[in-house]
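There are 2 protein chains.
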Amino acid sequence: MTTATINRISKSPVTGKEYEIPSVLDDKAGIDAFIALHPGKKVVVVQGLGFVGSVMGLVVANALTEEYAVIGIDLPTPASYWKIRSINEGVFPIIASDPKIDLYYQQALTKKNYYATYDSHAYSKADVVVVDINLDVQKKSAKNNDLEGYDVDLTPFKKAIEAIGSNCKEEVLVLVETTVPPGTAQKIVRPLLEECLTKRGLTTDKLKVGHSYERVMPGPKYIDSIQNFYRVFAGTDEKSAEAVERFLRTVIRTDEYPLTRLGNTNATEMAKVLENSFRAMNIAFMVEWSRFAEEAGVDIYEVVNAIRMRPTHKNIMLPGLGVGGYCLTKDPLLASWARMNLFGSEEKLGQSEKGVHINDKMPLYAFEYLQSQYTGSLAGKKVLLLGVSYLNDVGDTRYTPVEGFYDQLINAGCEITLHDPHVKYWEEKDIWINQNLEELLEDECDVVVVTTGHKDYRSNESLINTLLSKPAAFMYDTIGVWTKDEIKALGEKHMVKVLGRGDL
Amino acid sequence: MTTATINRISKSPVTGKEYEIPSVLDDKAGIDAFIALHPGKKVVVVQGLGFVGSVMGLVVANALTEEYAVIGIDLPTPASYWKIRSINEGVFPIIASDPKIDLYYQQALTKKNYYATYDSHAYSKADVVVVDINLDVQKKSAKNNDLEGYDVDLTPFKKAIEAIGSNCKEEVLVLVETTVPPGTAQKIVRPLLEECLTKRGLTTDKLKVGHSYERVMPGPKYIDSIQNFYRVFAGTDEKSAEAVERFLRTVIRTDEYPLTRLGNTNATEMAKVLENSFRAMNIAFMVEWSRFAEEAGVDIYEVVNAIRMRPTHKNIMLPGLGVGGYCLTKDPLLASWARMNLFGSEEKLGQSEKGVHINDKMPLYAFEYLQSQYTGSLAGKKVLLLGVSYLNDVGDTRYTPVEGFYDQLINAGCEITLHDPHVKYWEEKDIWINQNLEELLEDECDVVVVTTGHKDYRSNESLINTLLSKPAAFMYDTIGVWTKDEIKALGEKHMVKVLGRGDL
Numbered sequence: 001m002t003t004a005t006i007n008r009i010s011k012s013p014v015t016g017k018e019y020e021i022p023s024v025l026d027d028k029a030g031i032d033a034f035i036a037l038h039p040g041k042k043v044v045v046v047q048g049l050g051f052v053g054s055v056m057g058l059v060v061a062n063a064l065t066e067e068y069a070v071i072g073i074d075l076p077t078p079a080s081y082w083k084i085r086s087i088n089e090g091v092f093p094i095i096a097s098d099p100k101i102d103l104y105y106q107q108a109l110t111k112k113n114y115y116a117t118y119d120s121h122a123y124s125k126a127d128v129v130v131v132d133i134n135l136d137v138q139k140k141s142a143k144n145n146d147l148e149g150y151d152v153d154l155t156p157f158k159k160a161i162e163a164i165g166s167n168c169k170e171e172v173l174v175l176v177e178t179t180v181p182p183g184t185a186q187k188i189v190r191p192l193l194e195e196c197l198t199k200r201g202l203t204t205d206k207l208k209v210g211h212s213y214e215r216v217m218p219g220p221k222y223i224d225s226i227q228n229f230y231r232v233f234a235g236t237d238e239k240s241a242e243a244v245e246r247f248l249r250t251v252i253r254t255d256e257y258p259l260t261r262l263g264n265t266n267a268t269e270m271a272k273v274l275e276n277s278f279r280a281m282n283i284a285f286m287v288e289w290s291r292f293a294e295e296a297g298v299d300i301y302e303v304v305n306a307i308r309m310r311p312t313h314k315n316i317m318l319p320g321l322g323v324g325g326y327c328l329t330k331d332p333l334l335a336s337w338a339r340m341n342l343f344g345s346e347e348k349l350g351q352s353e354k355g356v357h358i359n360d361k362m363p364l365y366a367f368e369y370l371q372s373q374y375t376g377s378l379a380g381k382k383v384l385l386l387g388v389s390y391l392n393d394v395g396d397t398r399y400t401p402v403e404g405f406y407d408q409l410i411n412a413g414c415e416i417t418l419h420d421p422h423v424k425y426w427e428e429k430d431i432w433i434n435q436n437l438e439e440l441l442e443d444e445c446d447v448v449v450v451t452t453g454h455k456d457y458r459s460n461e462s463l464i465n466t467l468l469s470k471p472a473a474f475m476y477d478t479i480g481v482w483t484k485d486e487i488k489a490l491g492e493k494h495m496v497k498v499l500g501r502g503d504l
Numbered sequence: 001m002t003t004a005t006i007n008r009i010s011k012s013p014v015t016g017k018e019y020e021i022p023s024v025l026d027d028k029a030g031i032d033a034f035i036a037l038h039p040g041k042k043v044v045v046v047q048g049l050g051f052v053g054s055v056m057g058l059v060v061a062n063a064l065t066e067e068y069a070v071i072g073i074d075l076p077t078p079a080s081y082w083k084i085r086s087i088n089e090g091v092f093p094i095i096a097s098d099p100k101i102d103l104y105y106q107q108a109l110t111k112k113n114y115y116a117t118y119d120s121h122a123y124s125k126a127d128v129v130v131v132d133i134n135l136d137v138q139k140k141s142a143k144n145n146d147l148e149g150y151d152v153d154l155t156p157f158k159k160a161i162e163a164i165g166s167n168c169k170e171e172v173l174v175l176v177e178t179t180v181p182p183g184t185a186q187k188i189v190r191p192l193l194e195e196c197l198t199k200r201g202l203t204t205d206k207l208k209v210g211h212s213y214e215r216v217m218p219g220p221k222y223i224d225s226i227q228n229f230y231r232v233f234a235g236t237d238e239k240s241a242e243a244v245e246r247f248l249r250t251v252i253r254t255d256e257y258p259l260t261r262l263g264n265t266n267a268t269e270m271a272k273v274l275e276n277s278f279r280a281m282n283i284a285f286m287v288e289w290s291r292f293a294e295e296a297g298v299d300i301y302e303v304v305n306a307i308r309m310r311p312t313h314k315n316i317m318l319p320g321l322g323v324g325g326y327c328l329t330k331d332p333l334l335a336s337w338a339r340m341n342l343f344g345s346e347e348k349l350g351q352s353e354k355g356v357h358i359n360d361k362m363p364l365y366a367f368e369y370l371q372s373q374y375t376g377s378l379a380g381k382k383v384l385l386l387g388v389s390y391l392n393d394v395g396d397t398r399y400t401p402v403e404g405f406y407d408q409l410i411n412a413g414c415e416i417t418l419h420d421p422h423v424k425y426w427e428e429k430d431i432w433i434n435q436n437l438e439e440l441l442e443d444e445c446d447v448v449v450v451t452t453g454h455k456d457y458r459s460n461e462s463l464i465n466t467l468l469s470k471p472a473a474f475m476y477d478t479i480g481v482w483t484k485d486e487i488k489a490l491g492e493k494h495m496v497k498v499l500g501r502g503d504l
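Chains as they are written, first to last, in the numbering used here: chain A, 1 to 504; chain B, 1 to 504.
Keep in mind that a hint or two might mislead.
Okay, the calculated beta carbon distance ranges per label pair [what the hints assert, rightly or not]:
id: 1; chain 1: A; residue 1: E66; chain 2: B; residue 2: N465; range: 41 to 49 angstroms
id: 2; chain 1: A; residue 1: N436; chain 2: B; residue 2: D136; range: 54 to 62 angstroms
id: 3; chain 1: A; residue 1: D146; chain 2: B; residue 2: D136; range: 46 to 54 angstroms
id: 4; chain 1: A; residue 1: K455; chain 2: B; residue 2: K239; range: 51 to 59 angstroms
To be clear, the hints were calculated from the coordinates, so they are not data collected in a lab.
We put the CB at the ideal spot given by N, CA and C, even for glycine.
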């Protein structure tokens, strides 16, 4: 096999099945056949079949007050092509603990109203295009995880918008849901679509462009986080805003979760990145206090719990191993970039950027703390990491801080075993994970580290007992899942350390 | 009158009455007579008769499950002596909108169980001493409000603790409620008291020292913010913690607001400054976003209201004119100072300090924004400021950001008129304030600035109508009290600007 051939293969991490990407990229017949099944129905094309788009497609296919024909579209690349095939073959491309995912997917299969493709021909059929692709930040980080700089390359995003503009009808609603730099809908998406339409000899006055952001939380309430949750929206003009509102009312339970319309799309785009920057900064703020707590013999968990008694302080956060996921790790940078590059400000959002700097370095600190507490060298030591996901009780490894911690351990020469009840395959590292914790605990190990706050590791008597039955080792909780009693019990046999718990 | 004589006068801002500070400072007879009125009752001495101490004294005098004899003690200085006399003469030294203040004070007058003095002889009678004095940070600020450095001088605080130690019984509970640098109870208060007792030939093993912080909010729920609110406490040893708990149970409604005991006093001291730093930092974080909103034509108020729909984001704050009050303006610095000076860390709490820097400069920005928007020079212009207090619906001018803004206007040569429905006398500036807004509005003025978010300025139709009846002027809302409709109405006649509302 040549490299060229290898790159034509797209493998599903859900089933392990391999698909060959076709050399002739034409799915017009498939699209037209799908459309023919749904005469008179409005066609909604969801651009992007990732964590948001694939599930947004499900929600639209199960809309509350209208029957849509839904086409999900993604690129015919090794990373994405399998999702297209998988949806059409009856296997949903995301493993989630939310039973509604399966329910909605089965309903869509029955109604045959959710088709997937790679062919831009789909846009020519669309009444609504929902943009759910990624818009990434390119971080330049030093070896010690220190953020040295970053860039926002809009080229792939613009290409995706051009694919719409080169194919869409004159009268289409393009609803951007992607987290974008504030200013994008008004200054980039709308002008680009108008340019494409004009080039095709079409008018631009029927074009509608809006922005509304979802607040998707992968996990047990995946569907609800789209369908049963508050939405903020705006249009690039009055009729766009009205069209967005009409569409959202058909798919979101707006009677219980009223829509909020803002003055312009800059405002909705800003709201999304501000939300996430707020959370990222709250964590970054607590990093220093956690270090101070360690120095002062104070248990930061106990302090924060006491503070949370105040209704005005309920949202104070705890630092842990680090910050992960697709949003909090980049959104402050997106916003800062937009301020300077789309609005010509000479000032960045310095504090928000600083938050990303601090958070990025947390896994390194967690490693250095381990190194400073562990007597002897870590080289050759067997380390078991409990948790790979960045989020409790969810299998989401995107930008997980466990990666930075893992890399440091590898550099130090450790032999690492991984466990995560929600992650079968760690895509970013191309590692398959043994999900049987009991089996893993049968092997000897020198260091056990809690790296994710999954329920499985909390108040789990059997886990504590198993750990107590093992030879003396180093137990390290980076998240604060162990109670004081558990720490005391473990401490009678093992060395126990908890990040931010200075009073052990 | 010589300067020396002037300094012997202490004037009540409540009644305007002047008191001469006695040249012979001896109130033993007064204290002993008071004690004789209350045989068998435990004596609680509250050190400090400021915003916290004077009201804490009231709460203890009206304890829930025990009858105490309460002595409030403060210094015989021009700033404080009048409070002592006022309490003993039947006029409570704080004007507050909370009707419970008057009720509790009348009850204490009836029971004759709240006496005030300046004489340290009081400590010799105390079973419990509650420390409610100030512990200040000395900020060094440049003319543009930029914080250039700061210092924490513990001398006055230590002197107050020595006054207790030089007079108290062997078996006393000293309960520190002052916001102190973390580490203070353990590293400063306890050793100092032990030293004093030892010097006096007394034992130190019966001494009890604890820390518990109040969360006083001057305003309509002043008493409740002490008596009906969650408390966090700790002792410097087990029996101190128990003694603190016993005492608090007699004065706080702990059945509804359970006490939280933390592992050590470092933790409770840290919790308090962390709470306040969290809030200060949340405001500082929003400053940059507010500027970004102005640049991007976005209304930050509308964005923040949309974000607050999320339960996890309810506490996101708005910046406004600036940060005031006794706590948020200094507590992050107290904490950072303690980290370096009491725990020997080489690192400060850099992010928290940065928050103070940013917040300190907010009034300057508000002024610069006015200057940039006002056509022509501000020199000689008549400016009406609506609000002097730093907090809505409360008359509290301590470190109010209005001061920095006021100073800038004065420097620019403006003629300023002040209004505040809750502030009769602006102590820090020694200015008496006309509280009749209608009267003030009869005069001509060039600029009207909302500087505090009092209810009186919100949705006040008559105020808007009066403003509309005046000649065209510059209306400037630094807090965001005016609704979009009000702004539109005002805008038809006046120039209107709102901080953080870019889309006017």
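Against the structure, the hints come out as follows:
1. A/E66 <-> B/N465: 41 to 49 angstroms: 47 angstroms, holds
2. A/N436 <-> B/D136: 54 to 62 angstroms: Holds, since A/N436 and B/D136 (Cβ atoms, about 60 angstroms apart) stay within the stated range.
3. A/D146 <-> B/D136: 46 to 54 angstroms: Taking Cβ atoms as reference, A/D146 and B/D136 lie about 37 angstroms apart, which means the hint is violated.
4. A/K455 <-> B/K239: 51 to 59 angstroms: 39 angstroms, violated
Violation of the numbered hints given earlier is confined to hints 3 and 4; the remaining hints are satisfied by the structure.
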